[in-house]
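Dock chain R against chain D, hints included.
Protein chains: 2
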Amino acid sequence: MKAEIIATGTEILLGQTLNTSAHYITGKLSELGIEVDYHTTVGDNKERLRYIIGQGLERSDLLVITGGTGPTRDDLSKELVAETLGLEMVLDQDSLARIEEFFAQRGSKVPEWEKKQAYFPQGSLVLPNPNGTAPGAILQKEDKYIILLPGPPSEMEPIFQEHVYPFLEKRVPTDSTRMNVRVIKVIGLSEGELEEKLAHLLNSLEPSMTLLSKHSEMHIRLIFRSSDQEKAKEKLDGAELAIREILGDMVYGTDEDTMVGLVSEGLKEYGLTLATAESCTGGMLGEVLTQVPGSSEYYLGGVISYSNDLKAGFLGVQQETLEKHGAVSKNTAMEMAKGIREKAKADLGISITGIAGPGGGSLEKPVGLVYIGLATQRGVEARKFQFHGSRDSIRQLTVQAALDWIRRYMSKCERG
Amino acid sequence: MKAEIIATGTEILLGQTLNTSAHYITGKLSELGIEVDYHTTVGDNKERLRYIIGQGLERSDLLVITGGTGPTRDDLSKELVAETLGLEMVLDQDSLARIEEFFAQRGSKVPEWEKKQAYFPQGSLVLPNPNGTAPGAILQKEDKYIILLPGPPSEMEPIFQEHVYPFLEKRVPTDSTRMNVRVIKVIGLSEGELEEKLAHLLNSLEPSMTLLSKHSEMHIRLIFRSSDQEKAKEKLDGAELAIREILGDMVYGTDEDTMVGLVSEGLKEYGLTLATAESCTGGMLGEVLTQVPGSSEYYLGGVISYSNDLKAGFLGVQQETLEKHGAVSKNTAMEMAKGIREKAKADLGISITGIAGPGGGSLEKPVGLVYIGLATQRGVEARKFQFHGSRDSIRQLTVQAALDWIRRYMSKCERG
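Residue numbers (this note's numbering), protein chains in the order written: chain D, 1299 to 1714; chain R, 1299 to 1714.
Certain hints may be false.
Since the list can't tell identical chains apart, any single copy or any two copies may satisfy a pair.
Said to hold, decoys possible - Here are the simulated DSS-like pairs of lysine-lysine, each with C-alpha atoms no more than 30 Å apart in a straight line:
1) Lys-1483 - Lys-1622
2) Lys-1512 - Lys-1326
3) Lys-1622 - Lys-1643
4) Lys-1643 - Lys-1663
5) Lys-1643 - Lys-1628
Think of the hints as simulated: they come from the structure by calculation, not from any bench.
This structure is a prediction, so every number in the text was calculated from the model and none was measured.
One chain only, chain D, in its complex shape (with noise of 0.2 Å):
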């Protein structure tokens, strides 16, 4: 089966947008050994969209058409395809009726014209849209598929995910070669540092490795192309297998693990709870930990102490520490860390202390030096970091250090 995905908006062909659902739809479409060969981008133009929807059909078996589903006159993916294929625009009740809902719950009636989302090409299989009010469908013209789905990347890949893929695994043929791919989580390494650990496993083909630089972490993403998917899993494990031996605990997952996952599932297991004491993140940590629904259930909250007097003033760190040592030192984080572990009666309490610059660094403290605290019932500890980059990377790096140290900390308990 041979894929093409297209993508119409004029904001992308102004450069206002960047285009991140066609690498979305091809990751997917790989994982389940669909090719990709074209990526093709439109502006809202009758005549172009046209002629493009009409290549795609002519040369590939797939065609994913994201965007040009909603309800404004520049909307024309639909009609197009419909045009194509030389069918009729029908009315689907249920959309209609969805949409209706949408609106009342926001207290107004529908206006007129957003019920051209409620029409489709005939005989269109509908994707209801739990995110918005453009739905998207899925046509079939003899042995070719094609699919419209909206533009915006929220509502896109649920959909996504909820129809289209399993839509699109029943069809894909079972003794087809696929890509199995394992994608293997590091953190605490340079790229460099990773490749030089890595060098002899890196010319091995089967499966084939690549490095991945994903700004906070690195990624080892193992490709192995087969059709017995028994042999695959085993060739993946063994190739897992190598890479943990030589990076240990630096490895901290797979696949669709997140550090803030895994610290999250962590802290309920062994029945711990946190707070934090932030500095320079100014609250990120706090963010990325409240990201995970539920996260009551064991973040208790915290302090962004952005000032020398909230770290005196909720935190208790004392003034003549500050002044000998400096807001940003190693005496402060551990001072923050036991601050906010007691004031919050927290089993950990952790602290951030830090310069993301761009300004504020010296010699002696230069941007990027962080120091990080924890608290737990065994004292107070805290390290130093040098991180680099933008001020958004150095706070992002210490964020991801701060939950790894907690992972650390928690992969050496006893259960709770």
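Coordinates of chain R only, in the frame set by chain D:
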């Protein structure tokens, strides 16, 4: 001048690499008034890449090709362009010298295969690459241009900025029609509400007007095509004024303005300090405020009072208030704002308490219910909001609403 951007690279078509180059180049070409009709991505496949190059030369005046200029057998762009145009590949001595120097600096000789990067289609204007070994090139065929660039953005972007941009700037006729763009940024209205308010303006064609939903805000994009810059400014000013007359202070800014940027400038201008007390946003407001370098000038910090104990302990919220009205209530929001303002000795104290979901909602207090409190020298006030969407959406909308309240408050201030 009609342009088309072609990316080649199997890693993009495996979903492993996000194609940011097309986005970057499109933005730059838009600045120059060069319209981009298509983005195409194709793998490192001879037949398909040859076809795409041929198609591009037929339908566009300017072809920008990224990727496929490197040393491996898979790198085919230069060779296929030469083939399509009927040109020989010739050695560029300067490029060879630079490649030799690159390896000499790293203490090694140039491997034979690396020399491929010093060959170009005859007649190329070679563009040196200060950050890698694969140079770029510009070719002209009659009145069409083909630009070849390396794939990695860190190599491509400097070459584009240094060589390609000025090259094209000289060749865009000064009297050519440019796309003049202005973006008006709006907060507190849904797409539907905005569409209704602007219905009569949306039909106007000069400038054209498009609504873009940007998660926690709406953007109105105005485009006026003209070679006359002054006339364009006048037209865009007129349209902006008409929009502002309808929307009033729901328009918060234009173009490069951001909500947090404006709040930050306002706080500095009025000499006000700010402290935050966050519950359901878990630190996101603090995180956003501290994205701005130098934010310590006005942002003192705050409390993430995720648990009720911290609301009472750090902020002095009354146990009675929590029991009688609940943590998510007007009264709690008011006491939180008042508490953080006093404890942090700030001019402004802002508080957030709400239900971000997906769990924790009830009929009386549904998911998306949020109270925001603002304490100032004039007293304390809290407002109720009902947001919709995912946990992440609700949190982002909340932060944006909190920042917007500070912006509106300051717009009624005396300068300090």
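Hint by hint, where does the structure go against what was stated? Just the numbers, ascending.
1
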